[in-house]
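Taken in order, the sequence shown gives residues 603 to 857; the numbers are from this note's numbering.
Calculated from the structure, these hints are not laboratory results. Where hints are given, some of them may not hold.
To be verified - Per label pair, the in silico range of CB-to-CB distance:
1) PRO640 <-> SER723: 21 to 31 Å
2) LYS709 <-> VAL838: 34 to 44 Å
3) GLY770 <-> THR672: 31 to 41 Å
4) ILE836 <-> LYS673: 45 to 55 Å
5) ARG624 <-> GLN847: 21 to 31 Å
6) GLN847 <-> SER723: 15 to 25 Å
7) PRO640 <-> SER837: 38 to 48 Å
8) LYS709 <-> GLU674: 13 to 23 Å
Beta carbons: idealized from backbone N, C-alpha and C, even for Gly.
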Amino acid sequence: MDSHAHLTSTEYSMDADGAIKRALSADITKIMNICTSPQELKEGLALQQKYPDVIKNIACTTPHDADKETKETFAFFEKHAKAGDLVAVGETGFDDFIEPENIKEQKGVCRSYIDLAVRESLPVVFHVRGDGAFENVFEAASEFPSFKGIIHCFTGSQQQAEKALALGWSISISGIATFKKSQELREIIKTIPMDRLLIETDSPWLAPHGYRGKPNEPAYVKVVAETIADVHEISVDQVLESTFQNGLDLFLVEN
603 MDSHAHLTST
613 EYSMDADGAI
623 KRALSADITK
633 IMNICTSPQE
643 LKEGLALQQK
653 YPDVIKNIAC
663 TTPHDADKET
673 KETFAFFEKH
683 AKAGDLVAVG
693 ETGFDDFIEP
703 ENIKEQKGVC
713 RSYIDLAVRE
723 SLPVVFHVRG
733 DGAFENVFEA
743 ASEFPSFKGI
753 IHCFTGSQQQ
763 AEKALALGWS
773 ISISGIATFK
783 KSQELREIIK
793 TIPMDRLLIE
803 TDSPWLAPHG
813 YRGKPNEPAY
823 VKVVAETIAD
833 VHEISVDQVL
843 ESTFQNGLDL
853 FLVEN
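Working from the sequences, and respecting the hints, build out all of it.
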């Protein structure tokens, strides 16, 4: 399973059909498609109709666009969450690395989408990047009853990983874990229980080692799985089976 891909991104045009076919050839049979605008979700829903057993959609306004959020945008995502068109709400959260100037707006938007997820009993996919981002996410989450959370593209510290795990959340690992410079991240991955791990590509970004400089795609999930298998000292098949089942359980998706 690819727990996080942007197949309908309007920022970067992907050959979604080709990517899905290559994923299926690589035995990646489920792709969680992240939609960060109403247009992306419209295209995501059309893609799901075409590949109902493969594509599931997750949507909301990202931290990067928090200052562009409108009542109409939120209402659009809320409508589809209520209609059962989403398997999670995300990616919401905080980014004080790229977008430090709109932190106030990020706080309001993040809380709104956590509230939506809690109301609809959906998991929340968090984007967390920057020195204060984890603190802000944990603070926002503390205002709500317990809910299922996923830290997307985890690159935090050991302490931050432990805090997320203590909340009952899952941690999603991207191609960054395969980079030579990511030894500290690999040491953290070693401490995360296998039943709390997911694998993502964040396609078309963050291509893993061996594919850097090229567009990323769901077929490369196995490359990340190989790194996790190495640090956990288990087989790649065990990693793929475990993370696949974790995703099914978390997103309430049938095999």
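To see whether the hints hold, each was checked on the structure:
{"no.": "1", "hint": "PRO640 <-> SER723: 21 to 31 Å", "result": "holds (23 Å)"}
{"no.": "2", "hint": "LYS709 <-> VAL838: 34 to 44 Å", "result": "holds (40 Å)"}
{"no.": "3", "hint": "GLY770 <-> THR672: 31 to 41 Å", "result": "holds (32 Å)"}
{"no.": "4", "hint": "ILE836 <-> LYS673: 45 to 55 Å", "result": "holds (48 Å)"}
{"no.": "5", "hint": "ARG624 <-> GLN847: 21 to 31 Å", "result": "holds (23 Å)"}
{"no.": "6", "hint": "GLN847 <-> SER723: 15 to 25 Å", "result": "holds (20 Å)"}
{"no.": "7", "hint": "PRO640 <-> SER837: 38 to 48 Å", "result": "holds (42 Å)"}
{"no.": "8", "hint": "LYS709 <-> GLU674: 13 to 23 Å", "result": "holds (21 Å)"}
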